[in-house]
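Work the whole structure out from these sequences, hints included.
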Amino acid sequence: MNFDFDLIVRSFPLLLVGAGVTVQITAFSVSLGLLIGMFVGIARLSNTWIIKALAAVYVDFIRGTPLLVQIFLIYFALPIIVGQRIDPFIAAITACSINSGAYVAEIFRGGIQSIDKGQMEAGRSLGMTWGQTMRHIILPQAFKRIIPPLGNEFIAMMKDSSLVSVIGFEELTRRGQLIIARTYGSFEIWLSVAFIYLIMTFTISRLVDYLERRYKIDDRH
Amino acid sequence: MIDIKNVHKHFGKLHVLKGINAHIAEKEVVVIIGPSGSGKSTLLRCINYLEEPTEGEIVVDGIPLTNQANINKVREEVGMVFQRFNLFPHKSVLENIILAPMTVRKTPKSEAIKIAQDLLVKVGLADKEHAYPEQLSGGQQQRVAIARALAMKPKIMLFDEPTSALDPEMVKEVLDVMKSLAHEGMTMVIVTHEMGFAREVGDRVLFMDEGRLVEEGSPEEIFTHAKEERTKSFLSKIL
Ligand SMILES: Nc1ncnc2c1ncn2[C@@H]1O[C@H](COP(=O)(O)OP(=O)(O)OP(=O)(O)O)[C@@H](O)[C@H]1O
Ligand SMILES: [Mg+2]
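Chains as they are written, first to last, in the UniProt record's numbering: chain B, 1 to 221; chain U, 1 to 239.
Hints are computed from structural coordinates only; laboratory data are not their basis. C-beta atoms are modelled at their ideal positions from N, C-alpha and C, and glycine is treated no differently. Hints should not be assumed to be uniformly reliable.
[Said to hold, decoys possible] One-sided and incomplete, this derived list gives chain U residues near chain B with beta-carbon spacing under 10 Å:
1) 48
2) 84
3) 88
4) 105
5) 233
6) 235
Given below as structure tokens:
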């Protein structure tokens, strides 16, 4: 078997474009997922049973079904709901955000529950509402604690985003497939794709480590 | 000022408060004593609704605790100091104190800071406004917690064993702050095991046992001429 190093060099720019798209979709999905997850995580701790139940159903459904199936569901269901063909980018981000939101919700719930009950009581005893106490007292403390699991979720999302290649969305994995279809260089291209994923996830995990350390030293604000 | 009428509290099957009736007048300093598990903390926490009574009624400063709006109103008037301080660890001493006045009373920041600085002088911690809770001793933290509660300008202060978590040498500095509050005429309800303090500062002592108010009277009456057998046996164990 001969290893075509030149193929790697030639394909690299195209693969990097795909990697950029992967970063984009991951960043969008994690940001939206963070927002969804924060509200759903708080909702799971609500005293109102209906809010709690809806949040639980959402989390259980998402965590109990494969992302791939969720992507298909969204890609084929959304057009029916909005009445027109939809962009794979929108479908991909919608599916990934909804997916990420469920996992982030559990992270937030755990983080909030890890804060001493006395903090909520102190806030409430000062006349602050539940929401004010959550916002000023509980969430800032919880957020610091959940940086590591959020980082893991970020990395997991980046890898899982390769699944949106099935709806033809041209992120890194899909780019690889397309190049292979033209050049038949499976081994070289998959190796390159794996290498690029590795570089990206490694960078994120370093970044998370750095944030975590910074917050530890400066355990305030 | 505080009217407690036939208050019961259940935690599941556990019947913790069994029909408490009490009235606390303005400027009165009431000390609650009793064995562990007798329901002292629960009663105190019912006054600002951190616990919801399962039966009965509590009226604070003319405000019945009936709905959420009233509950928040009462909490603005009632300060609480906890055994374990419960300062906000991610905020500086000053930020701990100004947060509630700013978010609840909408006090402008500069004014809130002024109030906070005055209170820090009062509790003897003027030089600590930029420190963080973890940098303070237990006694200092508890004094900040008192200042934090006072910043809301409450009419009533509740203390739940404020010195129990402190090293002995720090108890006095906290009790001194409480004493000066009492002398200024603050209405106070205090759960404590500091009998010397109760005697010196308390206007009235309530003795609780097994969820009931067994006996009440002036410190003199309770500590030297208790009528009830249970009161006597409790006091003989701790005095
Ligand atoms: N949130 C709760 N859930 C269940 N049981 C509780 C709860 N809070 C208190 N209890 C129970 O209620 C009883 C009275 O508790 P409480 O804390 O009022 O007693 P206390 O007189 O303050 O005791 P201590 O001197 O130990 O602080 C105890 O048996 C306690 O276990
Ligand atoms: Mg107690």
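Would you pick out the hints that fail for this structure and give their numbers low to high?
5 and 6
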